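Undergrad: So the chains spell out like this:
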Amino acid sequence: MGRIAGVTAAETRERLLSAAADVFASRGYDGTRVADIAAAAGVSNGALYAHFGSKAELIVAALRAHGPRLLADLLAADPSRPVADLLLAVGRKLPRSRDARGSLIVEALVAARRDEDVARPMRDYVGERADWLSGLVRAAQDAGQIDPALSPGALAQFCLLLSMGSALVPRDLHAVGDEEWSALLTRLVAALAPTRPHSAKGNTTVRVQIDPERCQGHGRCYDLAPTLFTEDDEGYGQVAGDGVVPPGEERAARVAASNCPERAVAVVEEA
Amino acid sequence: MTVDDRFIRDFRDSEEPPAGTRNEIVTGPVSDWATDFSHHEPEWAADPYPIQDDLRGRCPIAHTGRYGGGWLPTRYEDVAAVAYDTERFSSRSIIMSNYRPPKDIAPVGSVPPISSDPPFHHDARKLLLPAFTKKAVARREEATRAFCHSLIDTLEGLEVVDAARDYAQHIPMRVIADMLGFPPEDGTRFRKFVETALESVNLPPEERLALMEELFGYLYAQIRDHVANPRDDLTTYLVDAELYGRKLEPTHVAGTIALLLIAGIDTTWSAIGASLWHLAKTPADRERLVAEPELLPTAMEEFLRAYAPVTMARLVKEDMHWRGVDMRADDWILLSFPAANRDPAQFDRADEVIIDREVNRHVAFGLGIHRCVGSHLARMELRVALEVWLERIPVFGLADPSAVTWAPGQVRGPRTLPLRIG
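So the protein sequences, as listed, match chains A and B.
Residue numbers for the first sequence follow this note's numbering, so the first one is 1 and each next one is one higher.
Residue numbers for the second sequence follow this note's numbering, so the first one is 1 and each next one is one higher.
Hints listed in this document are in silico derivations from the structure and should not be mistaken for laboratory results.
Do not rely on the hints blindly, as some may be mistaken.
Residues from chain B shown here face chain A by an in silico Cβ test under 8 Å; the list is partial [what the hints assert, rightly or not]:
id, residue
1, Lys-126
2, Leu-127
3, Phe-132
4, Thr-133
5, Lys-135
6, Glu-358
7, Asn-360
8, His-362
9, Val-363
10, Gly-368
11, Ser-375
12, His-376
Ranges of calculated distance between the beta carbons of each label pair, as one might list FRET restraints [unchecked claim]:
id, chain 1, residue 1, chain 2, residue 2, range
13, A, Thr-205, B, His-122, 33 to 39 Å
14, B, Arg-420, A, Ala-240, 53 to 59 Å
15, A, Ala-143, B, His-122, 45 to 51 Å
16, B, Arg-349, A, Leu-168, 26 to 32 Å
17, B, Gly-368, A, His-174, 39 to 45 Å
18, B, Glu-249, A, Arg-263, 33 to 39 Å
19, A, Glu-128, B, Pro-394, 41 to 47 Å
Only a predicted model underlies this, so the values are computations on that prediction, with no experimental measurement involved.
Just so it is clear, CB atoms sit at the ideal spot from N, CA and C, and this is done for glycine as well.
Please build the complete structure, drawing on both the sequences and the hints.
TA: Following this line, the structure appears as structure tokens:
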């Protein structure tokens with residue numbers, strides 16, 4: 001017992017994941033009994049436990065199999081498509097209205113708030129998605145499609161928020177039309193482009209700047225990055241030499257910039 | 001060459017009391033911090049942070065009728081806006097008291113350049129900057145370190161010491177006395193001057209005036225001695241300095257020296273004391289700094305953020321509606337850098353002391369054109385004072401937490417700090 005005649009283990013697993021995705025999406029995590037999923041998949045409880053140790057494991061596995069994968073599908077369909085273009089395409093397709101399977105991610109996130117058994121694998125899942133997105137962004141930066149000054153992690157976070165938020169707050173809730181939405185996204189994606197085209201990584205120059213109108217001589221820059229900054233005879237900060245940051249000192253440059261009380265120090269990347 | 005007779009008469013020799021306006025002095029328990037605040041009450045001196053946090057959440061610009069009327073912004077963005085706006089907020093007086101100097105004292109003020117407004121401020125400040133650069137103050141590090149060691153030597157064999165009285169206060173006193181060329185043994189007088197300027201604002205006006213006259217009487221005597229016997233120090237430098245093609249007004253020289261003496265002492269004394277107080281009550285941080293001395297410069301910035309000693313004041317220039325409140329001309333603004341430094345909108349975990357905080361845009365030394373001119377000197381003294389203490393006395397704790405006392409008013413730091421070191 002435990003196996004439907006003529007069905008492989010892989011097929012059983014797939015039927016369970018598909019059933020789990022539907023049942024969790026419609027009834028929520030707390031409202032779902034493992035037996036409901038087994039019944040929907042047409043297998044016994046025992047067969048279910050042969051594949052999945054717990055309800056928590058099942059919801060995250062269902063999410064991996066049937067959660068949001070629009071971007072992955074589009075990328076698989078055309079691996080050479082520019083990432084900015086892909087992001088735009090995904091953004092346009094973010095659900096206008098609630099769809100059944102789309103709620104799976106919402107239910108899983110809600111469950112993770114209450115249940116540490118769900119929270120742990122969900123952290124892994126969200127972390128992997130963020131890493132994967134960051135990787136795409138980094139590749140796009142290397143290829144000169146996205147401004148290398150942008151943080152890949154921040155952009156990945158932004159995309160994840162849009163994707164997860166759209167499952168919670170669909171556009172039709174506020175009657176936002178396709179054209180308006182598209183126009184907004186186009187503007188946003190255009191802002192991701194490099195300030196100068198084709199600045200492939202390796203050719204960019206990192207440079208520090210001081211705005212003399214803002215500098216008041218606190219000296220945090222030359223305290224924290226003494227090779228990049230110096231003081232003049234009155235204690236105001238000066239950029240040392242031509243301001244080009246040697247490889248390996250980017251971090252010191254950013255620490256100096258982020259500690260200036262007057263926000264007078266900037267780190268810029270140029271082609 | 002003509003004799004320099006600028007300093008023969010005290011500028012305060014006149015029989016007339018100084019012009020300006022005085023208001024009724026109100027002291028005693030605060031009824032509601034949002035409408036009746038006072039930074040000179042014991043509750044504020046003991047722990048102002050919960051008060052500031054509460055006001056930031058519900059106010060966020062508190063008012064008081066005391067001191068003739070004033071405002072207390074508690075959010076970082078409001079503090080920054082006041083600090084940057086020299087058009088609408090004057091530095092004509094920077095100590096919130098019951099006396100407002102006459103309007104015509106601007107743009108110079110009584111203690112330039114901290115009391116000065118643009119455009120004069122820039123020129124008066126420029127005179128001081130070269131003496132206070134990081135490079136210039138680094139030349140004093142060796143002597144400062146030796147002095148700190150000599151102070152620790154005197155604590156040898158004791159079980160309980162007062163780190164504020166026996167250690168912290170002496171360091172900035174000695175450094176600034178050396179810079180000004182004043183007798184190093186005059187330290188106890190300096191302490192009285194500091195208390196006069198900053199802590200006695202609620203004394204009757206004639207008493208306060210008499211104390212101020214004692215301070216300036218001392219300063220004029222020192223200046224006259226420098227006129228007669230010029231030497232290589234800041235006092236002689238200011239006596240000889242020129243602005244707009246002529247020597248400085250005697251009141252400018254004396255006012256700037258008063259500023260350097262007062263602001264050079266209690267601020268750094270407070271910062272050293274507050275840092276030692278934190279380490280005495282936080283063994284994990286103390287042990288980590290002993291084990292990782294290279295972390296001290298970062299930790300020090302966090303102490304400056306969390307326990308910023310200095311609050312400044314401004315006077316509103318004209319009646320105006322500002323960020324939701326109706327300010328009147330000559331209302332005080334209590335410009336609380338400590339409150340700004342604990343605004344959770346600006347700092348992650350603002351109420352925690354995180355000694356390896358990497359991003360720390362704190363404003364302990366102010367913002368804008370009045371950035372503390374002595375900030376590099378203060379940082380050098382604070383770093384050396386803590387390095388020497390931790391090296392010589394790595395194990396210490398509060399001997400009696402309830403015996404710790406804090407200075408009230410605009411410069412806050414421990415004034416009694418009994419530590420068990422034996």
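Undergrad: Would the hint on B:Ser-375 stand, with a C-beta cut-off of 8 Å toward chain A?
TA: holds (6 Å)
Undergrad: May I ask you to test the hint 26 to 32 Å on the CB atoms belonging to B:Arg-349 and A:Leu-168?
TA: holds (28 Å)
Undergrad: Could you check if B:Lys-135 really has its C-beta closer than 8 Å to a C-beta on chain A?
TA: At about 7 Å, which falls below the 8 Å cut-off, the nearest Cβ of chain A leaves the hint on B:Lys-135 intact, so it holds.
Undergrad: Under the criterion of a CB-CB separation shorter than 8 Å, is B:Gly-368 in contact with chain A as hinted?
TA: This interface hint holds because 6 Å falls under the 8 Å limit.
Undergrad: Does the Cβ pair B:Glu-249, A:Arg-263 satisfy 33 to 39 Å?
TA: The hint (33 to 39 Å, Cβ to Cβ) holds, given that B:Glu-249 and A:Arg-263 are roughly 36 Å apart.
Undergrad: For the range 53 to 59 Å, tell me whether the beta carbons of B:Arg-420 and A:Ala-240 fit it or not.
TA: Given range 53 to 59 Å: violated, Cβ gap about 46 Å.
Undergrad: Please verify that hint: B:Val-363, Cβ, nearest Cβ of chain A, below 8 Å or not.
TA: Status holds, d = 5 Å.
Undergrad: Taking the Cβ atom of A:Glu-128 and the Cβ atom of B:Pro-394, is their distance within the range 41 to 47 Å?
TA: Hint holds: Cβ distance 45 Å, inside 41 to 47 Å.
Undergrad: Is it true that the C-beta distance of B:Gly-368 to A:His-174 lies inside 39 to 45 Å, as the hint says?
TA: holds (42 Å)
Undergrad: Given B:Asn-360 as an interface hint, is its Cβ closer than 8 Å to any Cβ of chain A?
TA: holds (6 Å)
Undergrad: Taking the closest Cβ pair, is B:Lys-126 under 8 Å from chain A?
TA: For B:Lys-126, the interface hint holds, since the closest Cβ of chain A sits about 7 Å away, which is under 8 Å.
Undergrad: Could you check if B:Thr-133 really has its C-beta closer than 8 Å to a C-beta on chain A?
TA: holds (4 Å)
In the structure shown, a violation is registered for the earlier hints numbered 2 and 14, in ascending order.
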